[in-house]
Amino acid sequence: MQINMFYDKENREKTIELGADSSVKDLLEKIKVNLVTVIVSRDNNILTEDEKLNDKDKIRLISVISGG
Amino acid sequence: MNCCNEKPIIELPAGEKLCKKHFTEYFENKVFRTITRFDLLGKEENLGVAISGGKDSLTLLTILNKLSKQNPKIKLTAILIDEGINNYRDKSLITAEEFCKKNNIKLNIYSFEKEFGMPLDNMLKVLDVKPCTICGIFRRYLLNKKSKELGFTKLATGHNLDDECQSIMMNQFKNNIQASARLGPMGGINNNNYNNKNDSMINKNNNKINETKNNLKNGNNKKINKNENKKIKLNEWFVQRIKPLYLCTEKEVTTYAFINKILDEFNECPNIVKSYRAQIRDMLNDLEAKFSGTKHAIVNSFLQILPDLKQRFKEEEINYCSKCNEPASKDKCNACKYVEKLEKAKIKVQSPFW
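Order-wise, the sequence lines are chains A and B.
Take 0 as the starting number for the first sequence in numbering that gives the first Met the number 0 and just add one per residue.
Take 0 as the starting number for the second sequence in numbering that gives the first Met the number 0 and just add one per residue.
No lab work stands behind these hints: they were computed from the structure.
Just so you know, these numbers come straight off a predicted model, no measurement behind them.
Every residue gets a Cβ at the ideal spot worked out from N, C-alpha and C, and that includes glycine.
There may be inaccurate statements among the hints.
Each pair of labels, with its calculated beta carbon distance range [what the hints assert, rightly or not]:
| # | chain 1 | residue 1 | chain 2 | residue 2 | range |
| --- | --- | --- | --- | --- | --- |
| 1 | B | Leu149 | A | Ala19 | 55 to 61 Å |
| 2 | B | Asn85 | A | Asn3 | 30 to 36 Å |
| 3 | A | Glu16 | B | Glu43 | 58 to 64 Å |
| 4 | B | Arg311 | A | Glu28 | 43 to 49 Å |
| 5 | B | Ile108 | A | Gln1 | 25 to 31 Å |
| 6 | A | Glu16 | B | Gly14 | 38 to 44 Å |
| 7 | B | Lys329 | A | Asn3 | 33 to 39 Å |
| 8 | A | Glu16 | B | Tyr275 | 35 to 41 Å |
| 9 | A | Asn43 | B | Lys90 | 19 to 25 Å |
| 10 | A | Glu12 | B | Gly14 | 31 to 37 Å |
| 11 | A | Lys24 | B | Glu342 | 52 to 58 Å |
| 12 | B | Ala13 | A | Lys31 | 32 to 38 Å |
Below, simulated PhoX-like cross-link-like pairs (lysine-lysine); rule was C-alpha separation at most 25 Å, straight line [as the list claims (entries may be wrong)]:
| # | chain 1 | residue 1 | chain 2 | residue 2 |
| --- | --- | --- | --- | --- |
| 13 | B | Lys6 | A | Lys57 |
| 14 | B | Lys129 | B | Lys144 |
| 15 | A | Lys8 | A | Lys55 |
| 16 | B | Lys289 | A | Lys31 |
| 17 | B | Lys340 | B | Lys129 |
| 18 | A | Lys57 | B | Lys260 |
Excised from the complex, chain A in its bound form (with noise of 0.2 Å):
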């Protein structure tokens, strides 16, 4: 499946390609980014790690850390 993925960041979009039937943790695991410094957000809904992606959903990745 695709996923595109904003990563606030690094301000940028990206396309990722995961297996099917992957999850949030899966994607994180992919681009590197650890699950604590990060929320991950599907249609504005934050989503926890086991959940199940889908083909062509839109993620977004905020960042937690702060800011000085």
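Since chain A is already given, all that's left is putting chain B on it; use the hints.
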């Protein structure tokens, strides 16, 4: 284990998964319990809230605003220090102003440029100093000074569990235990309420301080030897700081901010990327990912020894600055020392940006 049939949005370190509604309740109750457990607020307060426009401080202000509406004797005023960091503070300042206007909260803004003569970006061009060092010195100086001028009984900051954890580890790695004595949900070592009129020790010292101030005002330098630093009790000149978000992780704060639509676009200080704190932060996050609950364990174990640390460093006295009368470890405070360096640098550098 899910809290209910609604879709969970967050998993806590202990394994419980909470939905949006139950997470909001959990988070707000956690903050209220922190305030109660550590006795952070009295029945009446003229409370300053230090904000930056970022998620932590606006989350803090949101919850304290709710508290203030339930208890009108706790008055709220926001205070923001504009360091003058281009493409960072200018963005968050707009967010802060809009938030305070929308929630009818008075906001006082003080800038490095106005108070010290130039913004931080320019200071870093003429001084050979780590950005966080000078930024921290000037920001803390202004927060304390302006909090006193505004008559705050306490100053709340948006420091969260992650911040505290990082500070504990940084102090440990740098062999600076005395600095850790000033940590905790209530900052400082003596934890005296600045306006506690019932404290006879504070009244006695306040009388001495007033006498000294009058002498300085009257130019009566005979009574005060500039080279002889008057010793005053630590925290006599500090507005008590409190950290209501002390037990909340950064992820919990961000989740709450997201749900309540107070999360702005990603905005990280450009100076933090290379800092020591950032490396400690990354180390702790890596550990937390592998061993859930690590950060809570660090802070909870620290809280057990904190009373002993505060007791150990309790009697340390500080001076006040011979130039500005603010707290100082020696004859001059760090802020005045850096202002002098900036003045000298201004003379040396011929630049159109002064």
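Evaluation of the provided hints:
no. : hint                             : in the structure
1   : B/Leu149 <-> A/Ala19: 55 to 61 Å : holds, 60 Å
2   : B/Asn85 <-> A/Asn3: 30 to 36 Å   : holds, 32 Å
3   : A/Glu16 <-> B/Glu43: 58 to 64 Å  : holds, 60 Å
4   : B/Arg311 <-> A/Glu28: 43 to 49 Å : holds, 45 Å
5   : B/Ile108 <-> A/Gln1: 25 to 31 Å  : violated, 46 Å
6   : A/Glu16 <-> B/Gly14: 38 to 44 Å  : violated, 31 Å
7   : B/Lys329 <-> A/Asn3: 33 to 39 Å  : violated, 58 Å
8   : A/Glu16 <-> B/Tyr275: 35 to 41 Å : holds, 37 Å
9   : A/Asn43 <-> B/Lys90: 19 to 25 Å  : holds, 22 Å
10  : A/Glu12 <-> B/Gly14: 31 to 37 Å  : holds, 33 Å
11  : A/Lys24 <-> B/Glu342: 52 to 58 Å : holds, 55 Å
12  : B/Ala13 <-> A/Lys31: 32 to 38 Å  : violated, 27 Å
13  : B/Lys6 <-> A/Lys57               : holds, 19 Å
14  : B/Lys129 <-> B/Lys144            : holds, 23 Å
15  : A/Lys8 <-> A/Lys55               : holds, 22 Å
16  : B/Lys289 <-> A/Lys31             : holds, 14 Å
17  : B/Lys340 <-> B/Lys129            : holds, 14 Å
18  : A/Lys57 <-> B/Lys260             : holds, 19 Å
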